[in-house]
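From first to last, the protein sequence lines stand for chains A and B. Per my numbering, the first sequence runs over residues 1 to 55. Per my numbering, the second sequence runs over residues 1 to 174.
Be careful, since some hints might not be right.
[Stated by the list, open to error] Chain B residues, not near chain A, derived (Cβ > 12 Å throughout): (1) ALA17; (2) ARG19; (3) SER45; (4) ASN55; (5) PHE105; (6) GLU135.
[Said to hold, decoys possible] Derived DSS-like pairs (lysine-lysine); straight-line CA-CA distance at most 30 Å: (7) A:LYS47 <-> B:LYS145; (8) B:LYS42 <-> A:LYS26; (9) A:LYS26 <-> B:LYS145.
Hints are computed from structural coordinates only; laboratory data are not their basis. Note that beta-carbon positions come from the ideal geometry of N, C-alpha and C, so glycine has one too.
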Amino acid sequence: MSDKHDRPYRATEGRREEDSISRNLKRVYDNVASEPLPDTLQSLLDKLRQDGQRG
Amino acid sequence: MSNPDLRQEELVGHVPALRAFARSLANDASHADDLVQETVLKAWSNLDSYSEGTNMRAWLFTILRNTFYSEFRKFRREVEDVDGKFAAQVPDRAAQDGVMDMRDFERVFAQLPADQREALTLVGASGLTYEEASEICGCAVGTVKSRVNRARARLIELLGAREAPLEASAAPDL
C-alpha cells in the first residue's frame with residue numbers, strides 16, 4: 001500500500017480548507033453588504049442628496 | 001460621466017460594499033458604520049477630485065482605509081484581539097467536527113492583524129484584483145499576496161476547518 005493510499009484526504013485537505021475559508025469570507029461580506037442601511041447612515045445619505053439637489 | 005448627480009448616485013450604490021469592508025477592518029459594527037459615515041462625507045465633498053472612468057469603489061475603499069488608519073494612529077484604538085476575548089471563544093479544534101460555523105469564522109477572522117484582514121477581504125470577498133488591492137493598501141502586489149497567504153494559513157491553523165468528505169466526482173486520482 002502506498003503512502004498516498006494510507007492518507008487519501010491529505011492531498012486535498014488544504015484545498016478544502018481554503019475553499020471553506022473563501023466561502024465563509026464571502027458569506028460574511030455579502031451578509032453585511034445586504035443588510036439594510038442603519039437609520040443614521042440612511043439619514044445622512046438623504047440629507048446629502050437633498051443638499052445636492054438644492055445646489 | 002460628468003454629471004455630479006450620477007456620481008453621487010454611484011457613490012451611494014457603493015455604500016453597502018463600504019460597510020462590509022469597514023466591518024472587516026473595524027471588527028465592530030458601530031465603529032464600522034462611523035467609518036462609513038466619515039468616508040461618505042469626505043467622498044461627497046471631494047467628488048470633484050474623483051477621476052472619472054476610474055474605479056470609484058477602489059477610490060472609496062482607499063478613503064475609508066486611510067480614515068481607519070489615521071484614526072488608529074491618532075487614538076491608538078485597539079483593533080486586534082490583544083486581550084484574547086475572541087481567542088477565548090474559539091472552539092477547540094477537536095470539537096470542530098463538521099462544517100465551519102460562520103460565527104466561529106468571524107471570531108477567528110477578527111484575530112488576524114488588520115493588514116491581513118483587509119488584504120483577504122479586498123481580494124477574497126470584494127472581488128478586487130491584487131493590483132487594485134495593492135493600490136488601495138499603498139503597497140506592492142507581492143505584499144498583498146503575502147498578506148493573503150499568511151491570513152489563509154493562519155485561518156487554516158486556527159480553524160482546522162473540516163468539510164464533509166469529498167464527493168466521488170471530486171476525488172483526486174490517487
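Check whether the Cα positions of B:LYS42 and A:LYS26 lie no farther apart than 30 Å. With Cα atoms ~27 Å apart, B:LYS42 and A:LYS26 stay inside 30 Å; holds.
B:GLU135 and chain A, when compared Cβ to Cβ, separated by more than 12 Å: Since the minimum Cβ distance to chain A is about 20 Å, B:GLU135 lies beyond 12 Å and the statement holds.
Minimum Cβ separation between B:PHE105 and chain A greater than 12 Å? violated, 4 Å
Was B:SER45 rightly flagged as not at the interface, with every chain A Cβ beyond 12 Å? violated, 9 Å
For B:ASN55, is the shortest beta carbon distance to chain A beyond 12 Å? Label holds. Min Cβ-Cβ 17 Å, cutoff 12 Å.
Least C-beta distance between B:ARG19 and chain A, which was stated to exceed 12 Å: violated, 6 Å
Starting from A:LYS26, check that the Cα of B:LYS145 is at most 30 Å away, please. At roughly 18 Å apart (the allowed maximum being 30 Å), B:LYS145 and A:LYS26 satisfy the hint.
Does B:LYS145 lie within 30 Å of A:LYS47 when you go C-alpha to C-alpha? Answer violated: A:LYS47 to B:LYS145 is near 40 Å, above 30 Å.
Could you check that no beta carbon of chain A comes within 12 Å of the beta carbon of B:ALA17? Given that some Cβ of chain A is not farther than 12 Å from that of B:ALA17, nearest at about 6 Å, it is violated.
Figure legend: structure checked against the earlier numbered hints; hints not met, in rising order: 1, 2, 3, 5 and 7.
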